[in-house]
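Residue numbers (the numbering used here), protein chains in the order written: chain A, 1 to 367; chain B, 1001 to 1367; chain C, 2001 to 2414; chain D, 3001 to 3414.
Calculated directly from the structure, the hints in this document are not laboratory data.
You may find that some hints are simply not true.
[What the hints assert, rightly or not] With a Cα cut of at most 35 angstroms, we get these calculated DSBU-like pairs of lysine-lysine: (1) D:3052 <-> A:10; (2) B:1149 <-> D:3291; (3) C:2202 <-> B:1010; (4) D:3315 <-> D:3202; (5) C:2192 <-> D:3402; (6) C:2291 <-> C:2053; (7) D:3125 <-> C:2402; (8) C:2303 <-> D:3291; (9) C:2192 <-> C:2315; (10) C:2053 <-> C:2155; (11) A:17 <-> D:3315; (12) D:3303 <-> A:17.
Every value quoted in this text rests on a predicted model; they were computed, and no experiment measured them.
Read off the chains here:
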Amino acid sequence: MNFDFSDDQKLLADQVKRYLDDNCGMDRVRQVLTGSPRMAQDVWEGLARMGLLGTAVPESYGGAGAGYAELCLVAQQLGAHIAPVPFGSTVYLVAEALLLWGSQAQQEYWLPQICAGTVKGALATVESVGQLTPGQIHAEVVNGALCGKKVVVTDGGVADLYLVMAKHGDQLSLFLVERAAQVDVLNVDSVDLSRDVAQVNFQNAPAQLLVAQGWNALEVLQNRAAVLYAFEQLGGAQRALDMAVAYAQERFAFGRAIGSFQAIKHMLADMFVSLKLAESNCYYAAWALANNTADLPLAAATARVSATQAFQLCAKDNIQVHGGMGFTWEFDCHLYYRRSNYLALELGSLSEWEARLVEALPRVENI
Amino acid sequence: MNFDFSDDQKLLADQVKRYLDDNCGMDRVRQVLTGSPRMAQDVWEGLARMGLLGTAVPESYGGAGAGYAELCLVAQQLGAHIAPVPFGSTVYLVAEALLLWGSQAQQEYWLPQICAGTVKGALATVESVGQLTPGQIHAEVVNGALCGKKVVVTDGGVADLYLVMAKHGDQLSLFLVERAAQVDVLNVDSVDLSRDVAQVNFQNAPAQLLVAQGWNALEVLQNRAAVLYAFEQLGGAQRALDMAVAYAQERFAFGRAIGSFQAIKHMLADMFVSLKLAESNCYYAAWALANNTADLPLAAATARVSATQAFQLCAKDNIQVHGGMGFTWEFDCHLYYRRSNYLALELGSLSEWEARLVEALPRVENI
Amino acid sequence: MDFTDTPAEAAFREQARDFIAANAPHYLAEHLAKSGFGHTNTGEHDALSEAKKWQRTKAQAGWACLQWPTEFGGRGASPIENVIWSQEEGLYSRLTGTFIIGQGMCAPTLMAFADPSHNTRLLPKLASGEEVWCQLFSEPHGGSDLAGLRTKAEKDGDEWLVNGQKIWTSGAQHSDYGLLITRTDATVAKHKGLTMFFLDMKSPGVRIVPIKQANGNSEFNEVYFENVRIPDDQRVGGVGEGWRVAITTLMNERMAIGGSIATGFPEILEWAQSAQLNGRPALEDPNVKSKLADWYVKAAGLKNNASRQITTLSKGGLPGPENSMGKLVAGNMMQDIAKFALDLQGLSGVLVDPSVAEGAARFQAMLLRSPAVRIEGGTDQILRNIIGERVLGLPEDMRADKGIAFSDIPTSAL
Amino acid sequence: MDFTDTPAEAAFREQARDFIAANAPHYLAEHLAKSGFGHTNTGEHDALSEAKKWQRTKAQAGWACLQWPTEFGGRGASPIENVIWSQEEGLYSRLTGTFIIGQGMCAPTLMAFADPSHNTRLLPKLASGEEVWCQLFSEPHGGSDLAGLRTKAEKDGDEWLVNGQKIWTSGAQHSDYGLLITRTDATVAKHKGLTMFFLDMKSPGVRIVPIKQANGNSEFNEVYFENVRIPDDQRVGGVGEGWRVAITTLMNERMAIGGSIATGFPEILEWAQSAQLNGRPALEDPNVKSKLADWYVKAAGLKNNASRQITTLSKGGLPGPENSMGKLVAGNMMQDIAKFALDLQGLSGVLVDPSVAEGAARFQAMLLRSPAVRIEGGTDQILRNIIGERVLGLPEDMRADKGIAFSDIPTSAL
């Protein structure tokens, strides 16, 4: 038994951290807050050069052939830096889907391009307001052509390859759709301005079937991606807590550091507790993901729920600790607050994941 | 418009307070904590002598002929003193039911005895665990004889007259049942040791019909009683807060009064806020009750929900402020904690009242 | 206890209703109804000039600042009459935001402390909306420690020379006057060296810079003072009495925002009454029920508490520090409501563009604006201190800034 | 990262499992399974003698205090082996409550500070359960301010004369020895005048009085000292070093209770998996789901965090102050769980007699016992202070008791 990452894995995390510290600081993030598309192409290319886009992709497809524990640590650093790149969409979702269900031809065609950073991906499922349900999907593929409008596609404005949920005969399936003339993309603003979001309208776009049992496949994919996004949330939460602690130490009011007041100190303690619980749940989930254990659905939902709670709490109360300055555009607090609220909805909302968690709970005798 | 009690009403409250301070202090309450029945007969008789049992009963039936606003203030004082008397069961429930639905004969026979303190009442509805539903009731009256077992009857061990929910033909009705040989009473311990609780088994007990549409009647009765119990909760919450504030002022640790630490101070501030919101909601509900307004169901549920929240919070954190001493039998904190948890379930649980509140909410245009 | 009108109150209500029916800008009604949190919607019409117009209309007929004496442009009405007016004004009261600081906070301070000759000149124009006021209290180095302010005023003959910076000044850009607190003596204890003035916002040396907020909007400003001259007769209260004057302003601030503070409840109720969740009406979901009930009892508690305050006022009492609880409750509630609403919207909840987002993105606007509610005008932490110390009588925290000259108070760990 | 056993670990687990299968008191299993919070159920058997018997059985075969050196009666095992043992001991570990304070808190302190000759004599009997220890730290005037203790020890030749009172002493009535902290000098600063001893609980002048708790039980005692004599060689650490010694004990206390602390989660899950709500399985209710999920992630987080601590320990690290969070999370959670369970039981939830109440009144027992969890061994407030200051490195609060003699520290407002 060993409940920690290895020294090699920590070394990788440190390399990623140093790269992002140097190339994706808050100044770089702020450059993408307005305009479209909202991403840092240079950072993306840097990540590709470091081989990070293919962290968990086999070497035969141009990947690094490392594992999911490593990918979790990369995610944590991206989250800490709120890196404005389509990493999750491309790596956790599209590359993962290809690895899980792609034909050999599909894998050989797409994965090397993804690892090289020349193809970006996006998942397109949502068509209306509310929890995603099978009945919500009206997009349909007939004779290899997709018609339908997806109203919120994360990284939809920068994607070259869409992973689309659509009706196909009498079931829902997942399709691969290349960006083309039949794909109409309209960027929209979201709560997280460091993230590219688009409405994507498919009008007879050529679509390749990836997996027929699309709804079940989506759940499998979401369980895996939830762990990786949870590490992004963890990284963001830690950074928000660090910012708040630093400010509480240096800001004086009433002749004392504000962190010496219990009201502030105890708020920070509660943020720490929330983060630490999430972190430990994420560690377990990283192992479950890397080893594809039978309890991955529960481990993933647990990591997801607690990481969402932790990031939302830390980002929100980081503003509170900063007081008025925390509510200025100039301070970085809002960037984390915005990201925390985007990630909370990214793969389905907290209440959906709570329900998934409870469904995955074993009988009490086995806990 | 005038959102306060009148001076006369406040005078009455003050008289009740002084009587209870003198005759129903914590020493008196503690005398009833063990043994059975759990009530202070002397206090009961004192309340009768002061005419308080008939506060809202017309003078023609031996009451004081005052109103419900007055009765609310009496309830608040009883709650503050956690008086061990069957006041709510007798006055808010049985006397009210007689006033609402009793035949003239029933009213003339019972109400004077209730006002005089010679007849105590109890409501008997619950037969199993969980929310009370029509399907839960198996007790049945056939040919004027009641059979069935009620498993939690507040003040059931001291009652002379039971108000019983039972099947009657194809509907549920409320019946009056006198204590008699066919009524088997077994005292049981509850979380609130200052309160008499019993299981009551009716075996062919003579039952008089009070109201045929029993389920609807019970809801009406509960809405009215909820306001009165909310005032008891308010009184208890205020006393718990007062105890905590006094202790925080006088107890020193680390060379300072503990109330000077923000951790304690802010906990007390949150208790105050909860109490103040409840108090204002109760004031409105008192008026709605006294005037039988159309929005009484909403006003009652609002008072009930917020008073339950306030008493549970204040009683719980009163222990926390007292630290270890708050968890001793010797200190009075637990008496309020126990009462707060009993009252939270007395007329149905918080979640039931939350649901009732939401059902009573008007369309948003009318708020 | 009586939550209904007396005959005199009913008559007054009738009068108010008639005036509004005859004079209110009904063409704005549908826009005003769509106002979001922190935003008054007047459609294609200019918000400021519409606000001034409605205020002037009211003032001319004696329906502005009802409780003020008539010589100051008011009506000499009772607190209850004022409430009745507010109830009747309804939607149109959303136009009055521009005037709240001047009428609700500055004016009571002037009435209590300023020279009567100023008051007869200034207050009627404040009542009629002709002139707008702002409040220049907060500073970058102050924050919750309001009395830690550093803007300096030095006596120079019959004038004072002001240098320094204020922050979070709402409406500075369209204000005619400002109520300004300064430090006139840094060698005495923190609260003792302060002095209050009012100044013409067009004075030379006043520079106004809008602050871009975390939510992208700009409701507030920084205001810089460089050798700004203020005549001594614009002093409000004595030299060194500024803190006592400021307390009056702040008490009135809590009163002005106390009862009518936005909570987000009507919005989430409307949503719940119309939305579907898992294929059934959202209102049937036990989780939704539980949260709605909890939020409703808080919103109702604040409303009912405000009613009780009015009775206290009409009996000659003063607004107590317990009004601090309004914002404490509402700020947290609004943040929770916004988060819950987004949760129920799923991934679509991320959209903030009113033209494509559900409900014109009002919950998203709340999400991004509500963190400031827990900070502006006193943080949650400061409000709990006030309740703990001034309502419950608990001893104050140990103070590092007590009994020493302002200039000796530590300002950093170094 | 690997949450499964290595081959060596698997072999160790097999060994432990075999021992337990062959030697554990299986006749107690069904009773132990029904143990409630704060109560070990051994049916008709005497709990203390059964506990001692199982402990002796384990000690004889080298399965007691696994991480201790063999000369002290342990096995010299690794932290991970210790975890494996605990997992396998399962239900029967509920018998070991009596020994936790002695083995988990007193023993590490003795190993670090006491005379080796004492240790070789005392520790094996502690390991085997032959002798029981208690911890005499808390005092009525101390509370959260543990170092504010007043029990006085005065040197008298080769002995110390002890007078004073301790409180909240768990197990004093069946303890053979106690670890006692005293004040030996009131003229120096609070933390400097303390000295630690161990004493024979049968010494003349020791009087033990059980405390009746708010829930009606008596788990704790007051212990009075009247001219109790302790030989100087029973001093643990130097004169005036008592605070440093106590810190060691307290760190081990948090470690001992950290990972395995009761949360109430298994109980509420079991309830939810079997109960009906509004005519449908309770698990289908969105409100129940939301609460269960929230509680589960906390319980799982504590468990996973404890696992990480074990890895830290097995790499030679020390238990950090972040273990303070275990009780902070669990205490509040248990209180919430109890309240929610009662809510769902309706009026029947008030019953506390196990013979008539739902689920043998276990949630009612939690309701009445859980307030103490948020207090005992460090209040929520103290734990947040520890996390804030010792984990996050925030500056300490201003102190009224710093740099002055203990006897000069204010103890009341007068």
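Consistency of the hints with the structure:
no.: 1; hint: D:3052 <-> A:10; result: 46 angstroms, violated
no.: 2; hint: B:1149 <-> D:3291; result: 33 angstroms, holds
no.: 3; hint: C:2202 <-> B:1010; result: 55 angstroms, violated
no.: 4; hint: D:3315 <-> D:3202; result: 41 angstroms, violated
no.: 5; hint: C:2192 <-> D:3402; result: 29 angstroms, holds
no.: 6; hint: C:2291 <-> C:2053; result: 41 angstroms, violated
no.: 7; hint: D:3125 <-> C:2402; result: 57 angstroms, violated
no.: 8; hint: C:2303 <-> D:3291; result: 30 angstroms, holds
no.: 9; hint: C:2192 <-> C:2315; result: 34 angstroms, holds
no.: 10; hint: C:2053 <-> C:2155; result: 40 angstroms, violated
no.: 11; hint: A:17 <-> D:3315; result: 25 angstroms, holds
no.: 12; hint: D:3303 <-> A:17; result: 29 angstroms, holds
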